[in-house]
Amino acid sequence: MARYPLLDLYNDSEGNPAVGFDGDLQIVRNEDVVGQEVEWRIKTHQGDWLIGECGANLEDLIGMPLSPATLGLTEAMVTNALNHDGFLTGELREVVAVAINQQEILIVPSIQYGEVAITPTYTFDLREGLL
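Here the sequence shown is numbered in the working numbering, starting from 1 and rising by one per residue.
The hints are simulated quantities; they were obtained by calculation from the structure and are not laboratory data.
The following label-pair restraints were derived from C-beta to C-beta distances:
#	residue 1	residue 2	range
1	Asp24	Glu91	27 to 35 Å
2	Asp24	Gly63	38 to 46 Å
3	Asn16	Gln102	27 to 35 Å
4	Asp22	Asp125	35 to 43 Å
5	Glu115	Met64	34 to 42 Å
6	Thr79	Glu31	14 to 22 Å
Note that beta-carbon positions come from the ideal geometry of N, C-alpha and C, so glycine has one too.
Using the sequences and the hints given, assemble the complete structure.
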């Protein structure tokens, strides 16, 4: 990823542009852009949004048993969503998927963006697909 100043609209948890108290569209910069893009890619299914190939497709895991194979598949799906187009090439250190209980997976991508470490966490429910 290029190291120039990044700027984007801030999107709420539903993916809608957020409007501030002053009525202006909210923006995000640099590592916050990266964090927002990571979340968007993990939450979406390929073809859901404007860029057809950027989703992790985690919904495909719904109904699968929680096993080492499922955890490995989760890691591979998230890694592909973040790297397939060069978005985080060199910045994505690893993606770890850990069982929380019999139906939930904790997903932790580790990203180094310049001097800033970004380590968001996401919980995915294998029964309902909720992230």
